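Assemble chain W onto chain F, guided by the hints.
Order-wise, the sequence lines are chains F and W. Each residue of the first sequence is one higher than the one before, starting from 1 at the first, in this note's numbering. Each residue of the second sequence is one higher than the one before, starting from 1001 at the first, in this note's numbering.
Bear in mind the hints are in silico, worked out from the structure with no lab data behind them. Remember, it's a predicted structure, so these values are computed and weren't measured experimentally. Don't be surprised by glycine CBs; every beta carbon is placed ideally from N, CA and C. Hints are not guaranteed to be accurate.
[Claimed, not checked] Pairwise CB distance ranges (calculated):
hint : chain 1 : residue 1 : chain 2 : residue 2 : range
1    : F       : Glu89     : W       : Lys1022   : 46 to 54 angstroms
2    : F       : Arg164    : W       : Lys1022   : 25 to 33 angstroms
3    : W       : Gly1057   : F       : Gly259    : 40 to 48 angstroms
4    : W       : Leu1029   : F       : Gly130    : 46 to 54 angstroms
5    : F       : Gly130    : W       : Lys1017   : 29 to 37 angstroms
6    : W       : Ala1066   : F       : Asp234    : 38 to 46 angstroms
7    : W       : Lys1022   : F       : Asn186    : 22 to 30 angstroms
[Stated by the list, open to error] Just some of the chain F residues that point at chain W, by a computed CB distance under 7 angstroms:
hint : residue
8    : Tyr148
9    : Gly149
10   : Pro151
11   : Val187
12   : Arg188
13   : Leu189
14   : Arg191
15   : Thr194
16   : Leu197
17   : Arg198
[Claimed, not checked] Coverage of chain W stretches by chain F, computed from C-beta distances (three or more under 8 angstroms per stretch; other residues unrestricted):
hint : region
18   : 1023-1030
19   : 1038-1046
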Amino acid sequence: MSAAGQTSGYAGASSEAIQHHYDLGNDFYRLWLDDSLTYSCALWADGDTLESAQERKLDYMIEGARAAGAARVLDIGCGWGSLARRLVEHHGVESVVGLTLSDAQAEHVEALGLDGVDVRVENWADHEPGEPYDAIISIGAFEHFASYGLPRDERVAAYRKFFRRSRELLRPGGRLALQTCSKGNNVRLDRQTTAELRFIIETIFPESELPWLSEIGLASEKLLDPVSVRNDPDHYARTCAAWLERLRAHRDEALELVGERPVADYERYLDVTVKHFTRRHLGLLRLIFESV
Amino acid sequence: MATDRVTVEDVAQLIRKQLGRKFPEGLELGPDSDLEGLGLSSLDQTEVFFAVEEKVGMELDPTAGADVTTIGELVGVVNSQIEQQRPQQPTAAS
Chain F
1 MSAAGQTSGY
11 AGASSEAIQH
21 HYDLGNDFYR
31 LWLDDSLTYS
41 CALWADGDTL
51 ESAQERKLDY
61 MIEGARAAGA
71 ARVLDIGCGW
81 GSLARRLVEH
91 HGVESVVGLT
101 LSDAQAEHVE
111 ALGLDGVDVR
121 VENWADHEPG
131 EPYDAIISIG
141 AFEHFASYGL
151 PRDERVAAYR
161 KFFRRSRELL
171 RPGGRLALQT
181 CSKGNNVRLD
191 RQTTAELRFI
201 IETIFPESEL
211 PWLSEIGLAS
221 EKLLDPVSVR
231 NDPDHYARTC
241 AAWLERLRAH
251 RDEALELVGE
261 RPVADYERYL
271 DVTVKHFTRR
281 HLGLLRLIFE
291 SV
Chain W
1001 MATDRVTVED
1011 VAQLIRKQLG
1021 RKFPEGLELG
1031 PDSDLEGLGL
1041 SSLDQTEVFF
1051 AVEEKVGMEL
1061 DPTAGADVTT
1071 IGELVGVVNS
1081 QIEQQRPQQP
1091 TAAS
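Looking at chain F on its own, in the form it has when it is part of the complex (with noise of 0.2 angstroms):
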């Protein structure tokens, strides 16, 4: 087992918190999510499904890392196993140790007994590899390294733990391509925004807290190089409605699965991030570093 609480400092989001947001069952989020359960805002271009635009923001995440072809990568927050699935059957990545907290998508990703692929329910503070990584490829999970309500400086300081370990953790010259959600930079709330911002941040994602790019960027100085930093709030806006218009045509059989009230809060929190990237209240940032 791991929890935060046993290393020093803050090191992300407690056990309990991310169970209490992705064990909600997996057969929920099959009836929403596209078929390989990537539950993080995808990569649209023309023509798109939400299927080949997951597939598409994974190939982005792989390529940017460099991680296609290499011997060892490591997928820190890891879901229910899309990535690491790509990474092996048609990336021909040997190795892949994917980490989560959620013991629900751990017994998922074991459950597709796929080759090369290592799950566990750890904390990446806690990871100790006998060797480095050929490459960190970590989507969706850099929301829960530091709490809602932390002061700038210890956020800063909660990311700048991360970006150690993940140097540490890297070959020289190893790459780390990280996606996240970030604050928007249209401060302009008005009450009905700033009470939508709260219900996600209290009833849907607690203990999690969103970054600025300047945070970001001042906890991995000195530890990792920039390569490259774009900002997609659209893509999450589009990923969203998608991901809505499928819990609504499934609405019966989740409301059978997990009752009422998480229906209705889902839609509610899907319905109001799209309106929020839309007007970017909130970013969708993917960053990729080098080691050097």
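Below, chain W alone, put in the same frame as chain F:
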């Protein structure tokens, strides 16, 4: 009725209300009190800003408060906006 100006004590009171039970017992607030250091998240700070708007009875520019870090700075920003929005008094009596 709109308030003429806000004071450090006005804002301190709104912050205590916003934090409720999370407010550190016995803590004295002053102009140098750091908003994040008190445990106010960015959304808490936005809500304090709304409460200040209600108190002064006017809408303030939300971007003006974005760089504020202390109670004193918030009071300064709010009072400067109140000053800017106040209807100009006729200067000559006839």
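Consistency of the hints with the structure:
{"no.": "1", "hint": "F:Glu89 x W:Lys1022: 46 to 54 angstroms", "result": "holds, 48 angstroms"}
{"no.": "2", "hint": "F:Arg164 x W:Lys1022: 25 to 33 angstroms", "result": "holds, 30 angstroms"}
{"no.": "3", "hint": "W:Gly1057 x F:Gly259: 40 to 48 angstroms", "result": "holds, 44 angstroms"}
{"no.": "4", "hint": "W:Leu1029 x F:Gly130: 46 to 54 angstroms", "result": "holds, 52 angstroms"}
{"no.": "5", "hint": "F:Gly130 x W:Lys1017: 29 to 37 angstroms", "result": "violated, 54 angstroms"}
{"no.": "6", "hint": "W:Ala1066 x F:Asp234: 38 to 46 angstroms", "result": "violated, 23 angstroms"}
{"no.": "7", "hint": "W:Lys1022 x F:Asn186: 22 to 30 angstroms", "result": "holds, 27 angstroms"}
{"no.": "8", "hint": "Tyr148", "result": "holds, 6 angstroms"}
{"no.": "9", "hint": "Gly149", "result": "holds, 4 angstroms"}
{"no.": "10", "hint": "Pro151", "result": "holds, 4 angstroms"}
{"no.": "11", "hint": "Val187", "result": "holds, 5 angstroms"}
{"no.": "12", "hint": "Arg188", "result": "holds, 5 angstroms"}
{"no.": "13", "hint": "Leu189", "result": "holds, 5 angstroms"}
{"no.": "14", "hint": "Arg191", "result": "holds, 6 angstroms"}
{"no.": "15", "hint": "Thr194", "result": "holds, 5 angstroms"}
{"no.": "16", "hint": "Leu197", "result": "holds, 6 angstroms"}
{"no.": "17", "hint": "Arg198", "result": "holds, 5 angstroms"}
{"no.": "18", "hint": "1023-1030", "result": "violated (count 0)"}
{"no.": "19", "hint": "1038-1046", "result": "holds (count 7)"}
Going through the hint list in order, the structure does not satisfy hints 5, 6, 18.
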